[in-house]
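Peer 1: Residue numbers (the numbering used here), protein chains in the order written: chain U, 526 to 988; chain B, 526 to 988.
In short, the hints are calculated from the structure, not lab data. Check before you lean on any hint, since a few could be wrong.
In this list, chains with the same sequence are indistinguishable; a pair is considered to hold if it fits within one copy or across any two.
[Claimed, not checked] For lysine to aspartate or glutamate, the following EDC-like pairs were computed, each having C-alpha atoms within a straight-line distance of at most 16 Å: (1) Lys941 x Asp701; (2) Lys688 x Glu529; (3) Lys828 x Asp771; (4) Lys875 x Asp597; (5) Lys688 x Asp812; (6) Lys773 x Glu925; (7) Lys817 x Asp538; (8) Lys685 x Asp711.
Predicted model only: the values in this text are computed from it and were never measured.
Protein chains: 2
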Amino acid sequence: MNLEQALAKSRADFAGDGLARIRRFVRQPSISADGTGIREMAELLVREIEGLGGRARPIETAGHPVVYGEIDAGAATTLLVYGMYDVQPVEGEVGWLADPFSGDIIDYGDHGPCLVSRGIYNTKGPLAGFFNAVAAAQASGRLPVNLKFLVEGEEEMQSKHLKDVVRDHRELLAADYAYFPFYSEDPTGKPMVYLGVKGILFFELIARGGNRGGPVGRDIHGSNAVWFDNPAWSLVHAMSSMISRDEKHILIDGFYDEVVPPSAEDEGLLTELERTFDARTELETHDVVRFKYDLEGGDLLRKYLYQPTLNIDGLVSGHHGAGTKTVIPHEARAKLDIRMVPNMDPERTKRLVRDHLDRHGFGHVLMEVNDAYAWAKTPASNPAIGALLDGMRALGAAPEVWPHLAGSAPFYLFTKELGLPLAMGGLGHGGRPHSPNEYATVEGMQRLQDSVLHFLANLGGTQ
Amino acid sequence: MNLEQALAKSRADFAGDGLARIRRFVRQPSISADGTGIREMAELLVREIEGLGGRARPIETAGHPVVYGEIDAGAATTLLVYGMYDVQPVEGEVGWLADPFSGDIIDYGDHGPCLVSRGIYNTKGPLAGFFNAVAAAQASGRLPVNLKFLVEGEEEMQSKHLKDVVRDHRELLAADYAYFPFYSEDPTGKPMVYLGVKGILFFELIARGGNRGGPVGRDIHGSNAVWFDNPAWSLVHAMSSMISRDEKHILIDGFYDEVVPPSAEDEGLLTELERTFDARTELETHDVVRFKYDLEGGDLLRKYLYQPTLNIDGLVSGHHGAGTKTVIPHEARAKLDIRMVPNMDPERTKRLVRDHLDRHGFGHVLMEVNDAYAWAKTPASNPAIGALLDGMRALGAAPEVWPHLAGSAPFYLFTKELGLPLAMGGLGHGGRPHSPNEYATVEGMQRLQDSVLHFLANLGGTQ
Chain U
526 MNLEQALAKS
536 RADFAGDGLA
546 RIRRFVRQPS
556 ISADGTGIRE
566 MAELLVREIE
576 GLGGRARPIE
586 TAGHPVVYGE
596 IDAGAATTLL
606 VYGMYDVQPV
616 EGEVGWLADP
626 FSGDIIDYGD
636 HGPCLVSRGI
646 YNTKGPLAGF
656 FNAVAAAQAS
666 GRLPVNLKFL
676 VEGEEEMQSK
686 HLKDVVRDHR
696 ELLAADYAYF
706 PFYSEDPTGK
716 PMVYLGVKGI
726 LFFELIARGG
736 NRGGPVGRDI
746 HGSNAVWFDN
756 PAWSLVHAMS
766 SMISRDEKHI
776 LIDGFYDEVV
786 PPSAEDEGLL
796 TELERTFDAR
806 TELETHDVVR
816 FKYDLEGGDL
826 LRKYLYQPTL
836 NIDGLVSGHH
846 GAGTKTVIPH
856 EARAKLDIRM
866 VPNMDPERTK
876 RLVRDHLDRH
886 GFGHVLMEVN
896 DAYAWAKTPA
906 SNPAIGALLD
916 GMRALGAAPE
926 VWPHLAGSAP
936 FYLFTKELGL
946 PLAMGGLGHG
956 GRPHSPNEYA
966 TVEGMQRLQD
976 SVLHFLANLG
986 GTQ
Chain B
526 MNLEQALAKS
536 RADFAGDGLA
546 RIRRFVRQPS
556 ISADGTGIRE
566 MAELLVREIE
576 GLGGRARPIE
586 TAGHPVVYGE
596 IDAGAATTLL
606 VYGMYDVQPV
616 EGEVGWLADP
626 FSGDIIDYGD
636 HGPCLVSRGI
646 YNTKGPLAGF
656 FNAVAAAQAS
666 GRLPVNLKFL
676 VEGEEEMQSK
686 HLKDVVRDHR
696 ELLAADYAYF
706 PFYSEDPTGK
716 PMVYLGVKGI
726 LFFELIARGG
736 NRGGPVGRDI
746 HGSNAVWFDN
756 PAWSLVHAMS
766 SMISRDEKHI
776 LIDGFYDEVV
786 PPSAEDEGLL
796 TELERTFDAR
806 TELETHDVVR
816 FKYDLEGGDL
826 LRKYLYQPTL
836 NIDGLVSGHH
846 GAGTKTVIPH
856 EARAKLDIRM
866 VPNMDPERTK
876 RLVRDHLDRH
886 GFGHVLMEVN
896 DAYAWAKTPA
906 SNPAIGALLD
916 GMRALGAAPE
926 VWPHLAGSAP
936 FYLFTKELGL
946 PLAMGGLGHG
956 GRPHSPNEYA
966 TVEGMQRLQD
976 SVLHFLANLG
986 GTQ
């Protein structure tokens, strides 16, 4: 591949074939929640990969299929591209300025000309842009890397069956690096590059009446609280035993045992981040008055990135509507999530929570785990990260590199299960995922393709 | 009044004028929740009292009117009859065997012939029965007592404005005794006579994001729990600080200070009750496996009647529907009720809860009181109680006398505000309040009238 030619080709073709491909992707609805267009979108993806000279097929799961594909370039290096072809529903969303499946370009306020459609940002737009870059690369010589694709249709459903596919196809998915393309620039044009994600344990605690006491199967009159137990008290006591009142210390034995301090590499990144980190903007962005720590700058950043958390996402029990009604609820439920930092293990953490409940007299409180996956990190020193960052910098951008995101994604499937370094992101800007007027800027969609071409060239080495 | 003549007259007229009056009451809908028929029912009541030679008028409130009436018999004794003319809605109730406002009599399973209608049990049926008894008394001489009526239209709305009316009309409501008529017999024909009720403090605890920390006005992404407070944790910690884990001890300073042991009179009643009290039936009735106390018989009964409680009626916060969604909720709410036994004071108890929250670092947790009223008791030795019980016994019934109910009602307005002994109940059987096929037995409706006539005769003395 001649990089300069490929960049020129990508730009030249954008208004024609490039935009046409992006529109094919977003005009095909693919709503995983109710299955709308999912099968059609999977078939479209297979055709797109075949159209680039590759081979592809849907891998069936107990849910929506995962599309697997490969384009062999006879190169020394193989890149596994992770993507998602499903999107959030649009039902009930008010205020769309264009039909959400139109692929229309409008002048969208301060952002200028934007393609406004469901999935253009999250993440069929960048996936189509990656394909556009591949086409431009092929038109300018040979692809610098072999490509494999693993594109799931259940990302908006907690990637329910992706782990089955990964575990059943380890050899098929053998590669040197993994990559997840998306638009990483903030509105000012600064790309944010994250080297990983935290792990998550999302679970429910459920207290019910039963052998220990309390009403079974129905709420009963509240005056009976004088001689019967109330499951809601069990839940409240179980939860309060797990964290200090100032919410800074989790009181589960062994909870912090595996937590490691920032690596030397992370410390270097933190020193960089401290220069631009703006705590006040974080408060304003989240409509919060103060942090729970009386810390600033790097000390606060360290808490943000390296402290595990135990959070209440929701509570429900008994009569919670308007007016007065006194009952002993037969059931009380709490949804909680634990964010795990390196090197916490989900299975061990789950066991610690259960042990804590049992040891503190809450053996009757049920724990149901909805989701559990580990943190994932790729060292900044990995060639894939270098290839991504160098490409951005060559295009004049100054990426801000974060040790990891405070949020979670199942990237451990790549880093831990498959042992692959994972890079994510690219130039380009978009926003409003899961909201009306999800958008990407027209100029940004082209920059994404530019940065992908640089990334591929850097990965494959000069040819 | 000649009691024998009055009893005969009441029975003779029942199938004609008696049932006609009861049907007038139940055929007129009077649903306080949405106001349906409320005004018409109040006017009907005024006419009924005037029809018995009395004077009556609606007293306007900020809500539905209270009907006040009086029938002066030139007697030495005056009885204030408390009643309610409102009923629960029927909307959404499935399985009615008759139109709920028809006054139809059907053969209702084991209960035999019953009038099945909304309000026949709770409590327009017994109120109309009381009027029938008055008519029979008047036809058989002179009423043995003067009557005053205070009939509210908001009982199903926590008697919101009754206290205003009572406080504004103390002189008008002057009397010797108060009485609340209803059908007191269980299905086996045993009348349960309660000498009082517990008090209640029904309140919400609300934790919100704000100056102390946590998101304001909207839920934010759960990954931020690492550096922002979560109002749901505040609520959980505030609640758990208020009661022991075994739910037997309330940890609010001073909470038990005013609680008094059973009086000598109550001890006598308890000795009687122990003979028939059946703990196993209480468990079965409530679908509960065990009591919170390892006690039996009288010891358990003493807990039931003389322990104050702190109960969670409901909890709600954040995402509590299906699936995974991690948020920091901006608000968490709990509904709680405290049942107050003699001699606990609602205002003092409310202050103790607030003080507890403030002293334990939960000054930011709001406490909103929805309802607060004191316990109410009338001594068994009071002539009104004797008149009621003697009347029942004269009719062959063997009433079970309870020191008070574990539930609550605003009877303190009579006992404390007006200083009146209050008797409640009468013969007759009905059931299924707030449910489809609310009923009263035809034979029981007549027994109610019999017991009212005995009660009035006993109250007024032989004439």
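Peer 1: Starting from the hint list further up, note which numbers the structure goes against and sort them upward.
Peer 2: Those not satisfied are hints 2, 4, 5, 6, 7, 8.
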